[in-house]
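Here the protein sequences line up with chains A and B, keeping their order.
Its first residue numbered 3, the first sequence is counted upward by one per residue in my numbering.
Its first residue numbered 8, the second sequence is counted upward by one per residue in my numbering.
Keep in mind the hints are simulated off the structure, nothing from the lab.
Treat the hints with care, since some could be wrong.
Result set (SDA-like, lysine to any residue): computed pairs, CA atoms no more than 20 angstroms apart in a straight line [unchecked claim]:
no., chain 1, residue 1, chain 2, residue 2
1, B, Lys223, A, Gln52
2, A, Lys17, A, Thr44
3, B, Lys209, B, Asp180
4, B, Lys141, A, Phe164
5, B, Lys223, A, Gly167
6, A, Lys173, B, Glu26
7, B, Lys141, A, Gly167
8, B, Lys141, A, Ala163
9, B, Lys95, B, Glu26
10, A, Lys173, B, Lys141
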Amino acid sequence: MRAMPFRTASDYSVKFTPPRLRVGDALIESGKPAPTWDYLTTSTVVGGVQVDATELLRSTALDDLSGISATMQVDCASTGFRETVALPVVQAADHEAALQLVIGPHTVADQIEISYGLVLDRELEPRPSMAPYRRGSRVFASTQSHRFILEGDAAGFPTEAFAFGPAGLPKGAPWHLRFHVDSLEDPFMGAVRLFINTEHQASEQLLSGAPGLHRSVLFHSVLEQLLVTAADHNQAADADDWSELLSANHTEGSVGAVLSSLTTTYLEMALPAAMAAVRTDRARVLTKLRESAGLLLGDAR
Amino acid sequence: MTHKLIPRFSAGQAAIRLEEIQNHLAADGSISELIQILPADAVPNSTGGEAASPLDLQSWRRGVIEALSGIQTGSKLDNDLHSIELGKALSSVVDPSPSDAASDGVWSFMTLALFPDVVNARWPAHPVTHELSKDRWIGRQAGRDRNYLKLAWRRWQALGPVMESAETKLGEDEFGALLERSAVARNRRLVQAAAEQVIAFKDDGARTEFARALMKQITYQTGPLDLNILTADELGELVRRCASEVLSLGAPRRAVVD
Numbered sequence: 003m004r005a006m007p008f009r010t011a012s013d014y015s016v017k018f019t020p021p022r023l024r025v026g027d028a029l030i031e032s033g034k035p036a037p038t039w040d041y042l043t044t045s046t047v048v049g050g051v052q053v054d055a056t057e058l059l060r061s062t063a064l065d066d067l068s069g070i071s072a073t074m075q076v077d078c079a080s081t082g083f084r085e086t087v088a089l090p091v092v093q094a095a096d097h098e099a100a101l102q103l104v105i106g107p108h109t110v111a112d113q114i115e116i117s118y119g120l121v122l123d124r125e126l127e128p129r130p131s132m133a134p135y136r137r138g139s140r141v142f143a144s145t146q147s148h149r150f151i152l153e154g155d156a157a158g159f160p161t162e163a164f165a166f167g168p169a170g171l172p173k174g175a176p177w178h179l180r181f182h183v184d185s186l187e188d189p190f191m192g193a194v195r196l197f198i199n200t201e202h203q204a205s206e207q208l209l210s211g212a213p214g215l216h217r218s219v220l221f222h223s224v225l226e227q228l229l230v231t232a233a234d235h236n237q238a239a240d241a242d243d244w245s246e247l248l249s250a251n252h253t254e255g256s257v258g259a260v261l262s263s264l265t266t267t268y269l270e271m272a273l274p275a276a277m278a279a280v281r282t283d284r285a286r287v288l289t290k291l292r293e294s295a296g297l298l299l300g301d302a303r
Numbered sequence: 008m009t010h011k012l013i014p015r016f017s018a019g020q021a022a023i024r025l026e027e028i029q030n031h032l033a034a035d036g037s038i039s040e041l042i043q044i045l046p047a048d049a050v051p052n053s054t055g056g057e058a059a060s061p062l063d064l065q066s067w068r069r070g071v072i073e074a075l076s077g078i079q080t081g082s083k084l085d086n087d088l089h090s091i092e093l094g095k096a097l098s099s100v101v102d103p104s105p106s107d108a109a110s111d112g113v114w115s116f117m118t119l120a121l122f123p124d125v126v127n128a129r130w131p132a133h134p135v136t137h138e139l140s141k142d143r144w145i146g147r148q149a150g151r152d153r154n155y156l157k158l159a160w161r162r163w164q165a166l167g168p169v170m171e172s173a174e175t176k177l178g179e180d181e182f183g184a185l186l187e188r189s190a191v192a193r194n195r196r197l198v199q200a201a202a203e204q205v206i207a208f209k210d211d212g213a214r215t216e217f218a219r220a221l222m223k224q225i226t227y228q229t230g231p232l233d234l235n236i237l238t239a240d241e242l243g244e245l246v247r248r249c250a251s252e253v254l255s256l257g258a259p260r261r262a263v264v265d
């Protein structure tokens, strides 16, 4: 839960049930693919919430539950779909209440993300207790989101193999990584794509995924390009916004979240610090990366 | 809803096709020779509806070209209008399934096979290098997510109702400012309320700067507030308040190069 300018619900006061996706007769757990889903399908996200009324009121300093609602939001970054369903928490006091949201045909694609929260759904008077008072105040925002994979193998690194020559790419190059940082909130899988040159003698080895020097060099090169591209984005016109965005919380699976995970794992730094270091002390940072990524050790990580 | 599925190009197919078009234009070939209704290597998604037939594709092409007849490109005003009318025509004539349209291969096919002349009118090859913009002609499959047809359609989808009633149309830059913060842009009612404020902004010269500042101000609100539960009236009020705050800090000014 992010810091808010008002009191928020404690972690102990609310429990959300991991949502499931109903597609036809199948009930799918989050994180799992939905093989029977297609564009024509109507599906339903089924979730649940339960609050401990006493603890919720104590932690928020609110007088009663009547102004608080539990929300379940469904987002699809690929189509721009967003729907939110709200339920008064009085219905979820000390027992679980269901939250359901129907997703119509031709509205979502790739994957959907579900997030829970508690909001104040009425306007109150400001009080010295710092209780939330503005309608819409995020009384509780879950840091965990849940994802359903609707199409394709979202777990693999997006890779495509073709001959570079006719496509206008250098025909002797083994690979080309396309990575554009339009927004840190974009799904990472949509922002990155690795092209393997089938005209190159190493292409089969690279596509096989077998551990070895080829994979080691490719892996390191990809990591380096991701970090350098993101760091250099700071020189763009919207540099102030960019610095702010780097420090924000990032949705799971987004460009920001993946970069953040990479910098923590391989540079042992939070994303904003790592981006600054790549800009100001690039040679040292990239040397550190060669070590932590196991470059030339033949160990595909 | 009876959306027809649109054929797709893979990233490799798109890159090869772009190279062919580039070479053809560099050799003074005519753009109309490059129109392909249904190239053999373009295939629609295998499930999720009925695929568009060659007759559908021909009819889409005819409809969009008719809608754009008489609309010029070149000046900022012409370009803005071209983009708006294109988005409107794609929405009404092609009416892509939003699920299908999430695939960038769909937009590569439409740009590089069905409507290369439409894109060439707005984004012609560089006069010296003869290169076509990968961002505008392909988009995310080869570069930034800036495919011309995709952006025009997406903008119409998000802001069409506001655009219909507006006396002064939004320009491409203003659309960009309104929609670039993707997490906020998914709240359609919020973006439409913001667009109304941008349209109402009187100083035409700095409208894009105002739009950027307004969206930044709105984004700040999304930290402590969940704007998705607010009614249209409440969102309108919040956006008006944000607009006042932006203006109270001093009217946005466009950067001037001496």
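Results for each hint:
1. Straight-line distance between C-alpha atoms of Lys223 of chain B and Gln52 of chain A comes to about 35 angstroms, which puts the hinted pair past the 20 angstroms bound.
2. Among the hinted pairs, Lys17 of chain A with Thr44 of chain A is inconsistent with the structure: their alpha-carbon atoms are about 27 angstroms apart, more than 20 angstroms.
3. Between Lys209 of chain B and Asp180 of chain B, the direct Cα distance comes to roughly 16 angstroms. Compliance with the 20 angstroms bound is thereby established for this hinted pair.
4. Only pairs whose Cα atoms come within 20 angstroms are accepted, and Lys141 of chain B paired with Phe164 of chain A is accepted, the gap being roughly 17 angstroms.
5. Straight-line distance between C-alpha atoms of Lys223 of chain B and Gly167 of chain A comes to about 43 angstroms, which puts the hinted pair past the 20 angstroms bound.
6. Only pairs whose Cα atoms come within 20 angstroms are accepted, and Lys173 of chain A paired with Glu26 of chain B is accepted, the gap being roughly 14 angstroms.
7. Straight-line distance between C-alpha atoms of Lys141 of chain B and Gly167 of chain A comes to about 16 angstroms, which keeps the hinted pair within the 20 angstroms bound.
8. Simply put, Lys141 of chain B and Ala163 of chain A have alpha-carbon atoms about 19 angstroms apart, close enough for the 20 angstroms limit, and the pair holds.
9. Restraint check for Lys95 of chain B and Glu26 of chain B: not satisfied, since their Cα atoms lie roughly 29 angstroms apart, outside the 20 angstroms limit.
10. For the given pair, Lys173 of chain A sits about 18 angstroms from Lys141 of chain B by alpha-carbon distance, which is consistent with the 20 angstroms threshold.
The earlier numbered hints that this structure contradicts are 1, 2, 5 and 9.
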